[in-house]
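Starting from the two chains in their separate frames, assemble the complex, guided by the hints.
Heads up: the sequence lines are chains A and B, in that order.
Each residue of the first sequence is one higher than the one before, starting from 1 at the first, in UniProt numbering.
Each residue of the second sequence is one higher than the one before, starting from 1 at the first, in UniProt numbering.
Please keep in mind that the hints were generated in silico from the structure rather than gathered at the bench.
Hints may be right or wrong, so weigh each one.
EDC-like mimics (lysine to aspartate or glutamate), calculated; alpha carbons at most 16 Å apart, straight line [as the list claims (entries may be wrong)]:
no., chain 1, residue 1, chain 2, residue 2
1, A, Lys224, A, Glu207
2, A, Lys224, A, Glu289
3, A, Lys18, A, Asp44
4, A, Lys224, A, Asp182
5, A, Lys197, B, Asp264
6, A, Lys197, A, Asp147
7, A, Lys252, B, Asp264
8, A, Lys124, B, Asp223
9, B, Lys153, B, Glu85
10, B, Lys92, A, Glu277
11, B, Lys240, A, Asp195
12, A, Lys224, A, Glu184
13, A, Lys124, B, Asp246
14, A, Lys124, B, Glu244
15, B, Lys112, A, Glu277
Stretches of chain B that chain A covers, calculated by requiring three or more beta carbons in the stretch to come under 8 Å of a beta carbon on chain A [what the hints assert, rightly or not]:
no., stretch
16, 30 to 37
17, 44 to 53
18, 81 to 94
19, 258 to 265
Note that the coordinates shown come from a computational prediction; the quantities given were computed from them, not determined experimentally.
C-beta: ideal position from N, C-alpha, C; glycine also.
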Amino acid sequence: MPHATGPARGKGRAVLRKSGNEASFSELSYSYPLKLLSPQGASDAPVAIAYMMSYGGGLVSGDQVELDVDVGAGTSLLLLTQGSTKVFKSRQSAYLTPPLSPTLDGKAPSPEDKETRTAATTQKINFTISPDALLLLLPDPVTCFRDSSYSQLQTFHLEPGASAAILDWFTSGRMSRGEQWDFERYRSANEVFLDGKRIMRDVMLLESAPPDASLLFLPPRTLKDRLGPYACYATLLLVGPKVQDLIASLEKAYQSIHVFQQSEPLPLVWSMSALEESSGAVVRVAALETDMVRTWLRQSLQGLSDLVGDFVYEKAFV
Amino acid sequence: MESSTEAYLLLLLSDGNLPTGSFVASSGLESLVKHGHFSRSWNERDATINFIRDSLQSNAHSTLPFISHAHGIVTGYLSGEGTLESALDEIKRVEALYESMTLNHVTRRASKAQGVALLTLFSKGFAQPSWVTTLQPESAKERRPEEVVDAFKTMVRRGDTHGHLPTCWAVLTASLGLSLSRSQHLHLFLHARAVLSASIRLNTMGPYAAQQLLLHVVRPLVDATLAECQDLRIPPHFDKPTNEDDDGPATTWPLGEILAARHDLQHSRIFNS
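For reference, chain B alone in the conformation it holds in the complex (with noise of 0.2 Å):
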């Protein structure tokens, strides 16, 4: 891809207003500071980039496997490779490993309604309308991201398979054509910042200071977290038992984990995780 057409591409997906679901989740933020946590900081900017830091590493962790994998398989078909059914039946495998390893229901339950967000951002918003192809035949290729789009939403309505946020995230950059680095890193990127939008509605921090992170803090703590965890892919051969200690994804943080299980137990909440 042309780095003009992908530069425009991440200016589009990085929109704030797109409506992916991510301003109703708060990733365990909110919960974490009802528990009590941001008291052990000195101050909240601190208990703030502590978060970041530590959400990011276990948000890596658990879904860049997921992503870069189901990235492969649409990449794949759409350069030719295999059919359009064997590729669906493989993300379908990879969503039902995703869920056996996501045991936390309020983590899956974000990850559902902002899997299918995207999905649905894709068909209303990305794809490319028949009127524009009749003008520009060239891009009336053989092989159209909307057919995979669409055809893994239909499975997803059925029922046939989960629409996880990893994985929904992977099939939309793959069909836009973004590399997978670049999906990989704008993932991390915009998990950091619906985590600082968080903290701006939770007041515990303001925009200004948020800005001020998301430019100075968050850049290099997305690179150093994306660095580590780049290329952690899902075990090879994942369908049967996996009894080898492998680089696959991982819960690393699991005092989160608990604090962010514990969200619908808040007596008082303006998040749904």
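Here chain A stands alone, though its shape is the one from the complex (with noise of 0.2 Å):
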């Protein structure tokens, strides 16, 4: 469970630096809730990994986590986190809400005064990768318990010649209590800039709608309804000259692909577009399951390995 005493705003830093064949956090500082982890590789080669974790393994409403990360030039970093982002509604929220009691100048309260919006938690994630770098942002999937919100922003400041995986997905929710796109608010905003030009701008918007008075004769159309039958979502971005290969490998893939009619949805579809102005691609990935996007992914993305270790690649996707 997460920690119980309320909202908290923790904040981080994480400096990789290259010194001779190695790579090191020059710093790697962090504040609750937020804990960063590196452990010490048997690596080689420049290369490091981290994991960002939260304390109690989940987040409440109103939380927030604020990072940097600076990835030096010449070193690689693999960022990940130990099992999913859980994103809970805070129970105390219910405490917060103003009871409906009548004003102290005795009018009685408009509904207005009822606060409805869950406090988002939020989590903000700036990146810095130098030259000859790359990052591997390999998270697990962020779970919105039922009526949480949550809102996460990811900012990359790619140096020409950086390279970046940046994968970003989210579950329907808690299914061992049958939540299925119960939450009340996701947004996820990643921003990629190459040189200073913004060169993507991926915004995922998630709300569970009130119903229509205007539209009674339909039913209320739920984030279910617009995302079933699929329980699990992945967008990934490939940025860089490092990820050239693994962009070739997927395209070659994704062309192969022919789409006869089918008679109901396949278990897991995937979508590939290269960017017409830089060398980049987007990828995204939905699927019944989760541990089936998790799979196809560790498949697809086998070409990291190359460029990061198997040692290294294999802390990824388990």
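Shown next, in the form of structure tokens:
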């Protein structure tokens, strides 16, 4: 369970630098509820692994996490999480809601007086990636529990010659409790700048819509209606010289797909689009189960192990 | 603008025969049907309505903020603000943002094809001919909408900017003097109608049933979507990293996004998108 003391603001900073043929963190600092861990690697290359975690394994409403990550020239960073990022609706938000009692001036409270929105859990990460550096951001998916609200903002500043593989994925919720797309709001924005120019801005916004009174003859269109039958969605952004081989191999696999009339949705679907003005690509995946997406990603991104070594790559998608 | 003029313009703009490229675009419907997603509904009518709802919402979230901003730029210029150069420069920056946010190549391709078709439509079909100007000297304003469209079209031809559908729609409707709310509403209506036209061609719906939906179902759907999205705007200072949670443009239907991007993988297809 997450901590019980209410919303928290955590900050962190990770600075990776090359020294000799090794990469080491010249800074690795964090504060509650954020935690950063870097296992000592047995790598003989300038490659480092770091885990981003939250105390108690989850974030509650109102929690804010801010992290700066600096991937120095010539280094590679594999940034992971340990298990999915669980977003809870705080129990306390029920107490924080003002009771619907008459206000001091004796007027009856209007519905606007009642705070109906859950305080969002926010996570902001700023990445700077230097020339000849590689960021592999391969976390576990975000899982938003019933009535939770999550907002994630990630900005990637790539200098010329820098590379990144950025994975951002989410599941339909706590399936063991029968939750399917029952959260209130999920927003995830990823902005990629290459040499100061914005080349990608991907904003995913999923909101449970209130039933519209003017559409009484139609049932409300829920998130589950719109996103089903799939229970897990992933977006992968690829950019830079070091991921060109991976882009080429994915493109080859993608172009070999031929879709004939299906009688029911495929268990897993993926799409790929190349950028036109710079050497990057966007891959999106959806599947009936989270593990299907995980397996697909592990196999499809296997080429990344050539860049960081099998020992490092096998830490991802476990 | 006088309401009779506006009503007449709406009649012209909603003509289904206009060569705007919408007849070759299914907005992902063909791919969605091919991928077996219609089998999840009880019948094709319900499946079509669901597609229209999801597609309208997704389209509104991703295009209305751009339409609103670009419409404001052109309207501002025509009413005497700034210079033509500064207006075109800002439209170019808005288009760069749209390009960076439209990460699906099939949607990008369709957007550019339809955008350019709209600019051509204005120049060839809506611009005031010179002999009319001489008969009505009061319409010879200092700032002519034809100038804006021509200059923008030249930029697109030169490859200086993209010519995406939302920006071109805004330039066209603002140049014709259509209000922003009319422009937004008509954009969503035309999107929904194009989906219905596509479903007739795909034989998932008959023409009479489509007409019936257009009158009784699409109208409240367009109104509801408009109410939800008409105030969405692109983030202020959008040239810089927008490291804030904002009400700006967003992808709201990842399933539609994946299936629309898979359009070209279909073994056989009749639409371009």
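Right, here's what the structure says about each hint:
no. : hint                  : verdict
1   : A:Lys224 <-> A:Glu207 : 11 Å, holds
2   : A:Lys224 <-> A:Glu289 : 14 Å, holds
3   : A:Lys18 <-> A:Asp44   : 12 Å, holds
4   : A:Lys224 <-> A:Asp182 : 8 Å, holds
5   : A:Lys197 <-> B:Asp264 : 29 Å, violated
6   : A:Lys197 <-> A:Asp147 : 37 Å, violated
7   : A:Lys252 <-> B:Asp264 : 14 Å, holds
8   : A:Lys124 <-> B:Asp223 : 35 Å, violated
9   : B:Lys153 <-> B:Glu85  : 14 Å, holds
10  : B:Lys92 <-> A:Glu277  : 15 Å, holds
11  : B:Lys240 <-> A:Asp195 : 13 Å, holds
12  : A:Lys224 <-> A:Glu184 : 12 Å, holds
13  : A:Lys124 <-> B:Asp246 : 14 Å, holds
14  : A:Lys124 <-> B:Glu244 : 9 Å, holds
15  : B:Lys112 <-> A:Glu277 : 15 Å, holds
16  : 30 to 37              : holds (count 5)
17  : 44 to 53              : holds (count 3)
18  : 81 to 94              : violated (count 0)
19  : 258 to 265            : holds (count 5)
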